[in-house]
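There are 2 protein chains.
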Amino acid sequence: MSSLPLGDTFHVFDTTLRDGAQREGITYSVTDKLAVARLLDGLGVGFIEGGWPGAMPKDTEFFARARAELDLRHAKLVAFGATRRPNTRVDEDPQVKALLDANTDVITLVAKSDRRHVELALRTDEAENRAMVRDTVRYLVDHGRRVFVDAEHFFDGYAHDPDCALGVLESAVDGGADVVVLCDTNGGQLPLGLAETVEQVISRTGFRVGIHCQDDTSCAVANTVAAVQAGATHVQCTANGYGERAGNADLFAVVGNLVTKLGLPVLPTESLAELTRVSHALAEIANIAPHTHQAYVGASAFAHKAGLHASAIKVDPELYNHIDPDTVGNGMRVLVTEMAGRASLELKGREFGIDLARRPEAVTNAVRKVKELEARGWSFEAADASLELLLRQELSELDEAPFVLESYRVLLDRRSDGEIVSEATVKVHVAGERVIETAEGNGPVHALDAALRKALLPHLSWLDSVELSDYKVRILAEAPGTDAVTRVLVESTDGEREWTTVGVHGNIVEASWLALCDALVHKAMRVRALV
Amino acid sequence: MSSLPLGDTFHVFDTTLRDGAQREGITYSVTDKLAVARLLDGLGVGFIEGGWPGAMPKDTEFFARARAELDLRHAKLVAFGATRRPNTRVDEDPQVKALLDANTDVITLVAKSDRRHVELALRTDEAENRAMVRDTVRYLVDHGRRVFVDAEHFFDGYAHDPDCALGVLESAVDGGADVVVLCDTNGGQLPLGLAETVEQVISRTGFRVGIHCQDDTSCAVANTVAAVQAGATHVQCTANGYGERAGNADLFAVVGNLVTKLGLPVLPTESLAELTRVSHALAEIANIAPHTHQAYVGASAFAHKAGLHASAIKVDPELYNHIDPDTVGNGMRVLVTEMAGRASLELKGREFGIDLARRPEAVTNAVRKVKELEARGWSFEAADASLELLLRQELSELDEAPFVLESYRVLLDRRSDGEIVSEATVKVHVAGERVIETAEGNGPVHALDAALRKALLPHLSWLDSVELSDYKVRILAEAPGTDAVTRVLVESTDGEREWTTVGVHGNIVEASWLALCDALVHKAMRVRALV
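As they're listed, the protein sequences go chains A and B. Counting along the first sequence from 1, when you hit position 414 you're at 414 in UniProt numbering, and nothing is skipped either side. Counting along the second sequence from 1, when you hit position 391 you're at 391 in UniProt numbering, and nothing is skipped either side.
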């Protein structure tokens, strides 16, 4: 495998921010979209489709902010939009104008290529549809844009009326389009048939062909790869396969397959080991739990449970893995739960700079404690700082707590004029003094955080730099009849470092309090280690 | 499509209970296994592989109980096991004896077909490996069993040393095996290459060939279907694709594709509409949340979010679905989101039994209001009841509110002994009276809910049947420096019906309050409609 990516001869075109945002449950803020674009650019994809300016106010804002705030190293930003309306002038179409206003180098235009859709949805005829495509492409090209055309419903359209479908591709290229993208919009294709169609289209037209697949037959990744084998040189994917209905072709599986199975260096070599990390980070931004069994990047993708396999794995891990998990930044796990408990804690200890190998009894106690807490709803997977505190406590390495709580009280008042006041009072002991402070906030937890800071800041000057940067709540449903439990994750930052702590309780405010306290105790520990 | 299933000419072979049980997180009890077998049999699969008797005590028990308790209508139960050990007599191998003791009509034997595995894992040579396969098959056939042979690591083995791999198949058939199953054990195959190999094997041997795929390239379903197109007449799948690492080929997607795309009636016709129900029931038994975006059977598999698509769906639903969702017992849903336009709201209105077609100005206002609210963090995708209230409000169809809030106050006290008290007071106007009530709860929202019920129940008797059945919280991070917003989803039930409402606010308690109020207002609306 060459270490050079294929440049413009092969396009990895990501549409997480446009088509991927159609997934049920995803709502990106503009800030989220900028963060997604940065991660994708870091991976080295060639194109990032950012949205549909004009149609969605949020996307218009995204492109405006992207110009000012994004400094992309690899990717070109792409605006998505439709061709002009039937029987209108392209230079008078506000949607087309919004596309130009997005000010991207590249524009993707969606064009109908199934005659039934032209007639039933667009309510126009084939000739006008072709004119709409040609006019709009030419207009955008004349304004200095590179244009790709998404031929919507191409495969269904080609099966129904091949000449009409090919005619739309011709109009696109005639207008100056660079790539025509064959879209399996309804996702009904299977790989062998799809590959045959792609081959036919290329041999009949000679055009540069791209592929865009939906996962309704659970074949989106396979269809995308089959299209490449049939000659497509532009693949449209979304991170983790997010998309409407069953989703789109998963970027990570497509890239994994193209690089490791077909030997196509479609991303910079060093990016491959980033796939797992970026996949999980993008899930975090989308606020969707990562799919544990996802190919290549899932937490279970290289996890072995079978006793049959375990002995063979010991002989040679390659015998039972289709690739070396390190290639994609993932790791192999053998699921022998009790052993894995000790082993993973020891590994974790190494990360924290704690040598647990010589303290077997402390590890035993810590494993037991972690298991007890996890049975009650705690989770340390994403809360390293709380886990470190737990480990150091077992090793009796923790100094005296920086403060001790006596009590707190939170008052929430929704008055008859609709005004809401949240107020908290804390009573704490810090630096030998008993301190009582009250503060307001925009919610109960915010008020509690404010009161605690007010009480501690005169005594703990380092607190000034510490901020709560993220706050996540999950309600853990219990068996019917029992009370639900709330798990709170708090992410803190001191401007240099970020750390995450966890709290679990039946009461959301107390769960938040526990996580807040861990955050401050962890910072205090670091401060002491430095002085 | 014929209404007759293909009988023995095509095998749908399910291995949910054997290979599927290798999925991380699944532990079936014997009772679970019996329930899974009943559901699969009801679907009409031809074979149910129940486990590995002898190797797993639970599986030995399963086969014993299955004989007594299962009354299978369609499926044959299959026991799975290995060939005899190297350099031993087959009639002295306890594992082979356990296979006979399971007393099934059919046995699947796993055989190594990759020379490297024969040498490194089995530590024997090619000739002895072939003898192990032939001897064991013949012994079981002589004892009246039908035998299938799983050729483990077949595709890797065939690529590495085709003669060795084919030799193992020959020994199996020589011993009397009925079907040789080509296994992509490490899951590294892609459809075009796999189909070519299957074709070669069939043309070189003439054997009856089956296929077993793992999902490590995200192509298990595509590979299975491609193998059938290449001549395989036996497919091994698991429910929902459960299995080791990234999983196996999903039974529901494979069957959906074979029946609706290739026109192969591999299950009884009436079974197809059961796919969705059975998939969810099997997820329930496995104690795994159903995968919402699963092809064919996922809750989102026919959910449409895009406004662009929704307008076309109104014209003809077939334009935007690859199949009629009813075919597989699923349903179409239109998701109302910021991307949605008039068309999705009108479709949604139809679901609620509201005719919006004659009220265009109300639709315009509702679309604007939905977009405004979504821009502030609301989401109606999962909160149909709140959306219905919004629509009816725009149509001025809502009666007077069942109650009006004056104010509420929530007090949370964490005392110095660690005890936490949550208490809420509400002041509301209901049935012409002003009512003040106070109640405690295990958290601020629970206390508020309790106080509201206490205030309303004497006046609204229907409230007695209404319960909060689920409560979800999401913190929506905004740009740094701005305040985060909290979105709360509340699911309510009255024992007959469930409905979901949403509330959004900077303060989590107020967000919860808004969702709680919508839940009660929605119920009141239903109650009035009935009287």
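Worth flagging that the hints you see were computed from the coordinates, not collected in a lab. Among these hints, one or two may not hold up.
Note that identical chains are pooled: a pair holds if it fits in a single copy or bridges any two copies.
[Stated by the list, open to error] Listed next, the in silico DSS-like pairs over lysine-lysine satisfying Cα-Cα at most 25 angstroms (straight line):
id: 1; residue 1: K371; residue 2: K97
id: 2; residue 1: K348; residue 2: K454
id: 3; residue 1: K369; residue 2: K58
id: 4; residue 1: K58; residue 2: K76
id: 5; residue 1: K427; residue 2: K348
id: 6; residue 1: K58; residue 2: K427
id: 7; residue 1: K454; residue 2: K97
id: 8; residue 1: K371; residue 2: K76
id: 9; residue 1: K371; residue 2: K58
id: 10; residue 1: K348; residue 2: K472
id: 11; residue 1: K454; residue 2: K472
id: 12; residue 1: K369; residue 2: K261
id: 13; residue 1: K76; residue 2: K97
id: 14; residue 1: K348; residue 2: K369
id: 15; residue 1: K348; residue 2: K58
id: 16; residue 1: K76; residue 2: K348
id: 17; residue 1: K76; residue 2: K427
id: 18; residue 1: K472; residue 2: K369
id: 19; residue 1: K371; residue 2: K348
id: 20; residue 1: K261; residue 2: K454
id: 21; residue 1: K58; residue 2: K97
Taking the hints in turn, this is what the structure says about them:
1. K371 with K97: between (59 angstroms within a copy, 22 angstroms between copies)
2. K348 with K454: Answer is neither; intra-copy 34 angstroms and inter-copy 50 angstroms both fail.
3. K369 with K58: between (46 angstroms within a copy, 16 angstroms between copies)
4. K58 with K76: within (20 angstroms within a copy, 57 angstroms between copies)
5. K427 with K348: Neither way: K427 and K348 sit 35 angstroms apart in one copy and 52 angstroms across, limit 25 angstroms.
6. K58 with K427: Answer is neither; intra-copy 44 angstroms and inter-copy 39 angstroms both fail.
7. K454 with K97: neither (52 angstroms within a copy, 58 angstroms between copies)
8. K371 with K76: Answer is neither; intra-copy 47 angstroms and inter-copy 29 angstroms both fail.
9. K371 with K58: between (44 angstroms within a copy, 11 angstroms between copies)
10. K348 with K472: within (23 angstroms within a copy, 31 angstroms between copies)
11. K454 with K472: within (23 angstroms within a copy, 31 angstroms between copies)
12. K369 with K261: Neither way: K369 and K261 sit 42 angstroms apart in one copy and 50 angstroms across, limit 25 angstroms.
13. K76 with K97: Only inside one copy: K76 and K97 sit 20 angstroms apart there, 64 angstroms across copies, limit 25 angstroms.
14. K348 with K369: Within one copy, since 15 angstroms is at most 25 angstroms while 49 angstroms is not.
15. K348 with K58: Only across copies: K348 and K58 sit 24 angstroms apart there, 41 angstroms inside one copy, limit 25 angstroms.
16. K76 with K348: Neither way: K76 and K348 sit 39 angstroms apart in one copy and 38 angstroms across, limit 25 angstroms.
17. K76 with K427: Intra 55 angstroms, inter 57 angstroms, cutoff 25 angstroms: neither.
18. K472 with K369: Within one copy only: 23 angstroms inside, 28 angstroms across.
19. K371 with K348: For K371 and K348, only the intra-copy Cα distance (15 angstroms) is at most 25 angstroms; the inter-copy one is 46 angstroms.
20. K261 with K454: The answer is neither: 57 angstroms in one copy and 65 angstroms across copies each exceed 25 angstroms.
21. K58 with K97: Within one copy, since 17 angstroms is at most 25 angstroms while 67 angstroms is not.
The earlier numbered hints that this structure contradicts are 2, 5, 6, 7, 8, 12, 16, 17 and 20.
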